[in-house]
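Place chain B on chain A using the hints.
In order, the protein sequence lines correspond to chains A and B. Quick note: to get the working numbering, add 3 to the position in the first sequence (first position is 1). Quick note: to get the working numbering, add 3 to the position in the second sequence (first position is 1).
Hints were generated in silico from the structure; no laboratory data involved. Accuracy of the hints is not assured; some may be wrong.
No copy labels: a pair is met if it fits in one copy or bridges any two.
Unchecked claim - In silico DSS-like links for lysine-lysine, alpha-carbon gap of 30 Å or less: (1) Lys-387 <-> Lys-245; (2) Lys-310 <-> Lys-387; (3) Lys-250 <-> Lys-22; (4) Lys-10 <-> Lys-63; (5) Lys-10 <-> Lys-86; (6) Lys-459 <-> Lys-407; (7) Lys-22 <-> Lys-432.
As a plain string of letters, each chain reads:
Number of protein chains: 2
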Amino acid sequence: MKPSIPKGTRDFGPADMLKRNYIFDTIRSIFRTYGFDQIETPAMENLSMLEGKYGEEGDKLLFRILNSGPVLEKIREGKNDLKQGDVTEKGLRYDLTVPFARYVVMHQNEIAFPFRRYQIQPVWRADRPQKGRYREFFQCDADIVGSDSLFNEADLVSIIRDVFLRLRLGVSIHINNRKILAGISEVIGERERIVDITVALDKMDKIGIEKVNEELAVKGVSENAIIRLQPIIRMHGSNADKLEQLKEVLKNSTPGMKGVEEMETLFGILDQIHPEANEHSYPANIELDITLARGLNYYTGAIIEVKVADQRSQFTSSICGGGRYDDLTGIFGLPGVSGVGISFGADRISDILDEINGFPDFTTESTRVLFANFGNEEAVFALKMVNRLRDEGISAELFPDAAKMKKQFGYADGRKIPYMVMIGSEEMKTGQFTLKNMESGEQSHVAWDELLHVLK
Amino acid sequence: MKPSIPKGTRDFGPADMLKRNYIFDTIRSIFRTYGFDQIETPAMENLSMLEGKYGEEGDKLLFRILNSGPVLEKIREGKNDLKQGDVTEKGLRYDLTVPFARYVVMHQNEIAFPFRRYQIQPVWRADRPQKGRYREFFQCDADIVGSDSLFNEADLVSIIRDVFLRLRLGVSIHINNRKILAGISEVIGERERIVDITVALDKMDKIGIEKVNEELAVKGVSENAIIRLQPIIRMHGSNADKLEQLKEVLKNSTPGMKGVEEMETLFGILDQIHPEANEHSYPANIELDITLARGLNYYTGAIIEVKVADQRSQFTSSICGGGRYDDLTGIFGLPGVSGVGISFGADRISDILDEINGFPDFTTESTRVLFANFGNEEAVFALKMVNRLRDEGISAELFPDAAKMKKQFGYADGRKIPYMVMIGSEEMKTGQFTLKNMESGEQSHVAWDELLHVLK
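For reference, chain A alone in the conformation it holds in the complex (with noise of 0.2 Å):
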């Protein structure tokens, strides 16, 4: 049998592992200090919770689980009587923003709001598999509900900066407002095309103004409209500009002017707490981006998106977005509960630091010293000290099998080892022992005081 994996899933080696930590070490030590607390999920989810959040196309992409009992021979008996809920009735979590929505009404008892929560846990989506792109993949999200304040808009762009300071990533990130979006919709008169022209928009990255305009005019979009559309989706200037003309354009609609209003507030408490952000700078310059759209339908009010502006990377991709969503506890029976998030994409930022050789060097993260086997007598003699150095703290090994030294060498080396201790039956008796300094090659007599010097 030739062992393999579902497509789409990857295999995490130690050294992949240490990757995926430092990344996940990082920003939740970054959300630590910004006051949020974690939780977790199960990987499976009722249906029921599922279904509907994400689209057609979302539903789609669920992966569905099989229920127990004898479903299997049932489908192969052609027993045409089955329902859905017959078959499959749980699904693996498509995103962390739903499922801590649903956690939220849960245990809405326990919680003291406004409610800072961040998950880092993998999602399960049955894309297309292609290169960047996964079925199981990991998400690293916060956010927080129970209060309409911009100060947590704030306080999300904040943490953003800070991750990609903290990871030497030079970003973008793009804010915009859905209640502008509505208000475009509004005053180029197809108000009730709301979802098709963010649909459209959400796309102008990958497939240009041009297309983004014959898809509009697929959806039944006049040409009256789109013409009406292209000075506003190509306005540009500072951030303070764009509003300008903004509350010029949107005038009349009252959703576009409280968007306006909004962004007006956000920029100006960000513009005082990170002043130097506000045009192009390190690591993080902060964009209004009329065009900014993202896919998901319960977003409400701002809506962010974060990508790679590094000139060391080839990457365009969103790597971080999120926003507002004003109602996505009432789903689940708890209206009026306002909450904001972000959410990172753990795969596409490690991709890109592997590009950027943007990884710390993790040479001190394994095995500091290998005991050498010379047989049994010797090697539980060995074995005694490796413990006690254990206890130190020290993460040491003794070579289980009396193999050759080559053999030993050979493996201390594979596994980038820094030092081998060798304890012969003359070591035993004198309690001087041969270190080696695997790297200069460099061989000296020690006793355990100085050993346990060297190696701390």
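The following block gives chain B in isolation, referenced to the frame of chain A:
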């Protein structure tokens, strides 16, 4: 819609996560001092990798994933030409050992053998949920493959001791050997029924010796053999005593004597590295237990099981187990690679630490200081200071809304935040902030440096 989660699964709230992370972090740090490298494998495996590895019962407990595409439609239409592979070809992992064996075979050319790996991930079993038994639960595994030295078994026993010493939980480490069980089957004249005998003995703890004997009879083990089995499984004395008795009992069985020899070697090493643990001692006594069987078929040598032995706990169930498997990678096409491993059951350990109040105090983990919000201007000023504290690694928050003070204090209490800072227009001018110790109620006026000093 009433929110719910699948039965047998759990949400982990902030308090649960602190406990779980404490257990994971403890185990992980010990795995690392023993030179184990971390890997992770996908939640989904191809069913061909999983089926047939866990016995008939295990196959029934696999969670299977419905294939993508129009499978559900076909089922509803009663298409009776659907084969299993058309309906489902992936399943959720059932344990970490089989995916690890699959990993070793697929990545054999990248691995420096002997390979010491650890893996901490959830597994899924469609078991009937009950108290302490979940459908999604967490295993913490350490395995060494590519060496049949008994020093590996000794390392794993030391890890178990270290983990429970660190967790301050008294345990009893039971050790047996499949070859001894094979020898016993042989000398009682039932060599062919080794599996039935193993499965029955494995239930000794739960159902007692009488019911085990009944089950043996039902499975067709002869009355004579059952009679001959009794003195063996009722054998007692010190580990050395038992080994002496076994040598007599098993003298006509080649595998049996090989098992005794292995156990003599292992206990010989353990006696020297843990001289205090031979008999009952804190935190772990190590006991040769002839009735220990363990259900899984892939074990071929030493088997290990850890039970709580702490007067504060009522639990008697297994919290860690493992053993040696000589040919697990063989089924995936790489024969001749022996492995040995252990698996800690994090969920049961957590339940027990809960029972005995064995968790440390986690209050230092969450937000350290909350800044009150007195309106936009004061809040922006406060947020700048909050961000400076975060830069210093201090977990800090601004209350996002200019709510009534009662509500803001209530939030700090609810989240057990130890300090609050109040900055009104007066404080903005003077640079002297009001700092309140939330536990004592004491208030003081401090400048930035002093604030930093108190919070650090």
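Between copies, within a copy, both or neither: which fits Lys-387 and Lys-245 at Cα up to 30 Å?
Between copies, since 26 Å is at most 30 Å while 70 Å is not.
Practice problem: Check Lys-459 against Lys-407 for me: Cα-Cα at most 30 Å, and say if that holds within a copy, between copies, both or neither. | Solution: Within one copy only: 28 Å inside, 53 Å across.
* How do Lys-310 and Lys-387 come out at 30 Å by Cα distance, when the copy is not named: within, between, both, or neither? -> between (53 Å within a copy, 25 Å between copies)
Worksheet item: Should Lys-10 paired with Lys-63 be assigned to within, between, both, or neither, using CA atoms and 30 Å as the limit?
Response: Both ways: Lys-10 and Lys-63 sit 17 Å apart in one copy and 24 Å across, limit 30 Å.
One pair to classify: Lys-250 and Lys-22, alpha carbons no more than 30 Å apart. Within, between, both, or neither? Cα proximity of Lys-250 and Lys-22: none, with 46 Å in one copy and 51 Å across.
### Query
Are the CA atoms of Lys-10 and Lys-86 at most 30 Å apart within a copy, between copies, both, or neither?
both (29 Å within a copy, 20 Å between copies)
Using 30 Å as the alpha-carbon threshold, which applies to Lys-22 and Lys-432: within, between, both, or neither?
neither (44 Å within a copy, 46 Å between copies)
Violation of the numbered hints given earlier is confined to hints 3, 7; the remaining hints are satisfied by the structure.
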